[in-house]
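Protein chains in written order, with the numbering used here: chain A, 1 to 112; chain B, 1 to 115.
Careful: at least some of the hints might be erroneous.
[Stated by the list, open to error] What the simulated footprint calls covered on chain A by chain B, stretch by stretch (three residues with Cβ under 8 Å from a Cβ of chain B suffice, anywhere in the stretch; the number is not a length):
hint	stretch
1	24-35
2	55-68
[Stated by the list, open to error] Partial selection, computed: residues in chain B whose CB lies under 8 Å from chain A:
hint	residue
3	Val29
4	Tyr32
5	Gln42
6	Gly43
7	Leu44
8	Lys49
9	Thr51
10	Phe90
11	Ala100
12	Gln101
13	Lys102
14	Leu103
15	Phe105
16	Gln107
17	Gly108
Keep in mind that the hints were calculated from the coordinates and are not lab data. Remember, predicted model here, so these are calculated numbers, not experimental data. Where a beta carbon is used, it is the ideal one built from N, C-alpha and C, also for glycine.
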Amino acid sequence: KAGVTQTPRYLIKTRGQQVTLSCSPISGHRSVSWYQQTPGQGLQFLFEYFSETQRNKGNFPGRFSGRQFSNSRSEMNVSTLELGDSALYLCASRGGTTDTQYFGPGTRLTVL
Amino acid sequence: AQSVTQLGSHVSVSEGALVLLRCNYSSSVPPYLFWYVQYPNQGLQLLLKYTSAATLVKGINGFEAEFKKSETSFHLTKPSAHMSDAAEYFCAVSDNFQGAQKLVFGQGTRLTINP
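Working from the sequences, and respecting the hints, build out all of it.
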């Protein structure tokens, strides 16, 4: 079974721009979560989607948003980028009765 | 609110020596506990998890962890370190409320293996 895939793997943007990151979960998994990883703040939860509905959200500003499609693929959008948004963004999928989140390789976003 | 504290941001051991990575958690409900490993430029890989079954949990690559409720701890151990164990390790806690799950991570422990 293929794992969680994230595209693109690397991204460079400038302040004020917006960016969209994509995540394809493991086949059959309906839950997708997003995390931000930075050296200063560590790993922080952004949000979780299940069956196209956001059912959990972390403490991030409204510039961070996401959505999930009917095939469970998810996108995360960050608008009006700030330097502090530079991070590794990790996506994780979970399915069935499992309590385990399986992570993708991440998208490294650099904001200049 | 749930939280995780990992004691020691850096741990260095010799190849063949015992690995002990410490994790203490805070949770108002019975916790789900996880250890993940991250190699450079990669995502997180699950090592093992505790979800209220056996308190001694065995994972991949020879790692195991023991859940101690009285000490609110979930320390990770491996009897004999291998060079390939060099990586960053994260302890995480979650609750599952109505199916939703949010992982709260510790700050991570970077493990170095000396030849």
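Taking the hints in turn, this is what the structure says about them:
{"no.": "1", "hint": "24-35", "in the structure": "holds (count 3)"}
{"no.": "2", "hint": "55-68", "in the structure": "holds (count 3)"}
{"no.": "3", "hint": "Val29", "in the structure": "violated, 14 Å"}
{"no.": "4", "hint": "Tyr32", "in the structure": "holds, 6 Å"}
{"no.": "5", "hint": "Gln42", "in the structure": "holds, 6 Å"}
{"no.": "6", "hint": "Gly43", "in the structure": "holds, 4 Å"}
{"no.": "7", "hint": "Leu44", "in the structure": "holds, 4 Å"}
{"no.": "8", "hint": "Lys49", "in the structure": "holds, 6 Å"}
{"no.": "9", "hint": "Thr51", "in the structure": "holds, 5 Å"}
{"no.": "10", "hint": "Phe90", "in the structure": "holds, 7 Å"}
{"no.": "11", "hint": "Ala100", "in the structure": "holds, 4 Å"}
{"no.": "12", "hint": "Gln101", "in the structure": "holds, 7 Å"}
{"no.": "13", "hint": "Lys102", "in the structure": "holds, 5 Å"}
{"no.": "14", "hint": "Leu103", "in the structure": "holds, 6 Å"}
{"no.": "15", "hint": "Phe105", "in the structure": "holds, 4 Å"}
{"no.": "16", "hint": "Gln107", "in the structure": "holds, 5 Å"}
{"no.": "17", "hint": "Gly108", "in the structure": "holds, 6 Å"}
Hint compliance for this structure: hint 3 is the single one not met.
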